[in-house]
Amino acid sequence: MRSTAHAFKENARTAMADPDLTKALTKFKTGFPLKRAQAVAALPEFEALRDAGKAIKDHTLAHLDLYLEVFEQNVRARGGHVHWARTAAEAKEIILRLCREAGAKMVTKGKSMVSEEVGLNTALEAEGLEVVETDLGEYILQIRKEAPSHIIAPALHLSKEQVADDFRRVHTHLASDRKLSEPADLLTEARVLLRDKFLNAEVGITGANFLIAETGSTVIVTNEGNGDLTQTLAKTHIVLTSIEKVVPTLEDASTLLRLLARSATGQEFSTYTTFSTGPRRADDLDGPEAFHVVLLDNGRSALLGTEMQEALRCIRCGACMNHCPVYHAVGGHAYGWVYPGPIGAVVDPALLGIAEARHLPNASTFCGRCESVCPVRIPLPKLMRLWREKEFEGKLSPPAQRWGLGVWAFVARRPGLYRLATGLGMRVLGMAGAKRGRFRSLPLAGAWTAARDFPAPAGKTFQELYKARRTGVHHG
Amino acid sequence: MADDARSGILGTIRRAVEGQRDEAAARAAVADRLARHARNVIPLRAQLPPAQQVELFQRMAQAVGATVELVTDPARVPHMAADYLSNHNLPARVRVAPDPLLQSLPWDRRPMLEVAFGRATADDQTSLTTAVAGVAETGTLMLASGPDQATTLAFLPTNHVVLLPLSRLVGTYEEGWDMLRARGRGQPRTVNFVTGPSRTADIEQTPQVHAHGPGRLHILLLADM
Ligand code: SF4
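These protein sequence lines map, in sequence, to chains A and B.
Under numbering that gives the first Met the number 0, the first sequence is numbered contiguously, ending at residue 475.
Under numbering that gives the first Met the number 0, the second sequence is numbered contiguously, ending at residue 224.
Next comes chain B alone, as it looks inside the complex (with noise of 0.2 Å):
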């Protein structure tokens, strides 16, 4: 039956457009198109000298009720983070994708901060990770899955702190597909495109931020270059 599901779809499918293409034709388009991966119309806003571009990015992020901080320094870091949650009257502990650039921060000099590396559990309300790339044109981050990066991370906790290189900052999606493609390791399980706190207008047309996802997205932007 599964087979015939199959064909039956393809069949319906192929008499239909069939008599209008060449089979060669369309076969070499085809390829071609998804070897190319070519871009389509790329909005100006988003064809930006670097400065102007994280300039763009941190008003974008924060139009949707992200909050945004620079760093200089990422020994600062662990300073940022602790002082973060003291501020919003949180718990002193954080969930940290195990991540070579976290994993490097000195986290020693905040003692009283508890840090764990790994996948979010239920109980976890916050957590810190990096991104692939931040998208200046709509103020999003791409997020990937690995060893590195727990998707759990940014949906779980409440807040979700990242980390950002300016290095990784670019200026449209199409832009971080090239970084993604360009670690060469294949298409991870799960990319997210993360723009600011979760949200829902379900209820008489009303936007309210927290709904399952977090309800505080904070970006340190760090100064890498």
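Bound-form chain A, shown alone (with noise of 0.2 Å):
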């Protein structure tokens, strides 16, 4: 996926200026939030289960190597190929070989992060084949040439009158006046459509949320059955996934996934946790006769053993973004790349290098609820503040932003004014414990509202757009 990252501040002019989003937005930034709070007080365990979440991953993260390497053991043991990849064209260039292999003609996949991250599709058709995105999202999507705006809600930003266009103007083949009024219309018409795709494609791709190194195991979680339907029906599957994925045992994995459909949509659990090992076996009556999983690096050792380590124990359950007061302010479509949200902003800068990502870091309020609702207990804000002080050390800020920052300073000093500038009001401040002694060393927090910073269109401020927003009105 290219990235406009760069353009951060752009993006969310944009963003904050359309009406379909705002809407969108409004309804999202309650919705998930409760449903997470309500599934958390549900189960007694799960401050304890975020605990062992993240001592599982710290543990596997040390142990890295040598997990990897029992891993690939195990896929093959069981009949699986494991191919390398350190970049995203390495990771291309041994899909499209898999695909030629395979004599693929048609490819269909499941929702996959780590193939928005390399680009496979448009490296796929650029090789004549047709590739099909299965996941309802992922698939109106594709139709619209746009990207997701959220890990686990791609299209999360649409309204179902522009989906229902989007159909009528693709779906040539049928009547143009069926009626697509209503979600359930359109969820059929995508169901009876990829259905067809499902049973000719000659490949599927996935990717992983998990695998598991005891038994050579890749895991997929999906609520629609897609992922399954690609991943059964497809003569060959190959699943796209990254190296931090690993996790030791099917004990392990139970745990995460204990907190990882909670965490992200509310539910107690997916509809669909499949654990696939291998191709089909002699005596097995379906499934795929070839199992590849393609391991992707691309940029991820290079945080182990730094400070910004514990980014890699990230389940992509998407809870950070989903509690974001800048998220829920600009959308995913804003952050330009394919992770949006609290982690993008740690992981993005990483991925695609400081320069190209450098005002993602500081979209942020320091509000601190994306700590407080990561399962696995990543540090979002301090790892943001650790790449804004890497580029303010780069002198990478352009000599306005650095002055920006003194401004900041000075406001940030002034409780009454901070709240002005940011319209975030005491509630927000408090949850972040920013007594007014202590406010003082709260390094570069939340500069980037600051209005200097924040050029905002037809002679708005950032925070009066921002407030608009907040009290659901919008001025054109």
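If you're looking for bench data, these hints aren't it; they were derived computationally from the structure.
Keep in mind it's a predicted model, so treat the numbers as computed, not measured.
We put the CB at the ideal spot given by N, CA and C, even for glycine.
One or more of the hints may lead you astray.
[As the list claims (entries may be wrong)] Selected chain A positions facing chain B (in silico; Cβ < 8 Å):
#	residue
1	L33
2	V39
3	A61
4	L65
5	L135
6	E223
7	T273
8	D282
[To be verified] Selected chain A positions facing chain B (Cβ under 8 Å, derived; list incomplete):
#	residue
9	K26
10	S158
11	T270
[As the list claims (entries may be wrong)] In silico DMTMM-like cross-links for lysine to aspartate or glutamate, where the CA-CA straight-line distance does not exceed 25 Å:
#	chain 1	residue 1	chain 2	residue 2
12	A	K178	B	E203
13	A	K159	B	E203
14	A	K196	B	E174
15	A	K196	B	D122
16	A	K104	A	E145
17	A	K26	B	E54
18	A	K53	B	E17
19	A	K104	B	D122
20	A	K53	B	E22
21	A	K53	B	D31
22	A	K26	A	E44
23	A	K53	B	D21
24	A	K34	B	E203
25	A	K104	A	E188
26	A	K34	B	E54
27	A	K28	B	E203
28	A	K234	B	D147
29	A	K234	B	D123
30	A	K53	B	E174
31	A	K234	B	D122
32	A	K22	B	D21
With the hints as a guide, bring the two chains together.
Laid out in structure tokens, this is it:
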């Protein structure tokens, strides 16, 4: 996926002027947090599970080389293949080759953020392959030629009317006056259409939420069942995933699964959690004849042993963005790359380079909600601050922005002014634990919300837009 | 190039982690963790006496839109399957997993019901399978591929009926893994945890049932103990 992270400010401005997006985000910012809160309240062990989840990931990362070797060995022992890719380019090359070897004309895909990261679809299409996204949200985005705006709810930013228009535009073989006014109409149309693709694809590509060293299994978690049809009906199943997804045992995966759905959608458990191990066995009745796992690094291993290592615990649940006031204001596209929200602000600079993604670690109010909900306790605000310091030290900041930080420091020492400047109010300041005395030492927080740092269209400041958003009033 | 990538990635990882660990101790820790596959935090909710476990399973499965019925006599299953189909105005045809338990049922008592064993095809509207385990914690079914169970049966048909003997009902996922390990056939190609019928909320965050997998999940709890 091509990044526009460098244009975060312009992207954010455009986003805040989009009424459809505003409407979607208004629903989103209460819906997801409420469902998560209910699921967490129903499980008294949730905090203990978070500690356990963090411990599993820390242990695995400290022994990552060893667990990856065991994983590889166990995939092979069951007849599967493991391919290592240092870069996006290597990953694409491997998958292209596997598709050619499989004689593929059509490839179905389950939702995979790593495949967005490497820009897989474009590469396959350039070779003449038909690539079909089968997750409903991803399918909609594919026909719109758009990127996902959220890692688990990719088409969050769209209205059903927009989707209906796209279906009419693309599904020209269907009666033009058919009813498409309800989400159910759209779902039925997509299901029927995609069923045909599942049945005819030669290769099915999925991502993985976890890899299990003990058994050499890859794990996908879905609600729609599209990933399962993708990987069961095609002759070749390719899993594109990244190295930090490995965990030691099925028990460890079970612990993380207790955290994942509750954190992501507020479900007790997702509808389908599937463990895939090798190709079909000799006496199996169905399943793929070939099983390939592509392990992507793409900058992750370089984070090990650094203060950024903690970001590698991420299980991509989306809770941090679901609870982020900045994401709530601007949506996912503004971030300009695959991973939006707080986790994007931390990993995008690592994967894209700080020069490209330098604005993202600034896209924070440092309210601390992301860290307070992260199932594996990643200290997201701290890591964003580290990037900012790196960037500042490297003198990457344009002079105006460095000057802007000075303005921020002045404002930040005066809580009244700070409130006005950020529009966040005491509630959020209280949540951040920022007492007047300690506030002084909060390094570099919130500068991006200062007016000077955030040029707004038509004479409006970011705060004014932000406030309008928060009160649900849209000024066009 | 492939070898370069592998050694490159593993090399970077090693340089980062090796300074922080004792190599022999690290290898021993990894081997031990894999061999013991110890359980981590287990929710109290799932540690219940059997009767309450059945109640929890039923409640959790229903909460996600599955329907649950109790069966005391396996010979009743063909009737229940046939009645289920006619209640939903479905053709009297069912694709059944070639599981010994399902093959042993007296299908001839419902001669109008068309029964075929094997994997699902695109035209099958209804399937019947068993499950390796039922997990009360979240009302989850654990299915494993093999000569007696085809993965397609749980995804292609619109209606999925599952016969779950109560002897296979457990509290947690971890107990499910132990049941699978106890079969001694190794890790199957596919293990599916199924919790309710398929769903999506991808359009306007509106929850909808019946995405790509089944739109109905019906669980027959067979009292075999
Ligand atoms: S950083 Fe934490 S909250 Fe955010 S996606 Fe990753 S695991 Fe979830």
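Was the hint right that S158/A lines chain B, CB cutoff 8 Å? holds (6 Å)
25 Å Cα cutoff - pair K28/A, E203/B: Satisfied, since the Cα-Cα distance of roughly 13 Å is no more than 25 Å.
query: Holds or violated: are the alpha carbons of K53/A and D31/B at most 25 Å from each other?
result: Distance ~19 Å between K53/A and D31/B Cα, so the pair holds.
Exercise. Take the C-alpha atoms of K178/A and E203/B, compute the straight-line distance between them, and say whether it is at most 25 Å.
Key: holds (17 Å)
When the least beta-carbon distance from T273/A to chain B is tested against 8 Å, hint result:
holds (5 Å)
- Within a Cα-Cα threshold of 25 Å, do K234/A and D123/B meet the stated pairing? Holds, at about 20 Å.
*Hinted contact V39/A with chain B - closest CB pair below 8 Å*: violated (12 Å)
- Query: Do the alpha carbons of K234/A and D122/B lie within 25 Å of each other, as the hint requires?
  - Reply: Holds, at about 20 Å.
Does the structure keep K104/A and E188/A at a Cα separation of 25 Å or less?
holds (23 Å)
- Item | Hint consistency between K159/A and E203/B [alpha-carbon to alpha-carbon, up to 25 Å] | holds (6 Å)
Chain B contact restraint on T270/A - CB to CB distance below 8 Å: holds (5 Å)
Point to revise | Hint consistency between K34/A and E54/B [alpha-carbon to alpha-carbon, up to 25 Å] | key: holds (24 Å)
The structure is inconsistent with the numbered hints 1, 2, 14, 17, 22, 32, although it conforms to all the rest.
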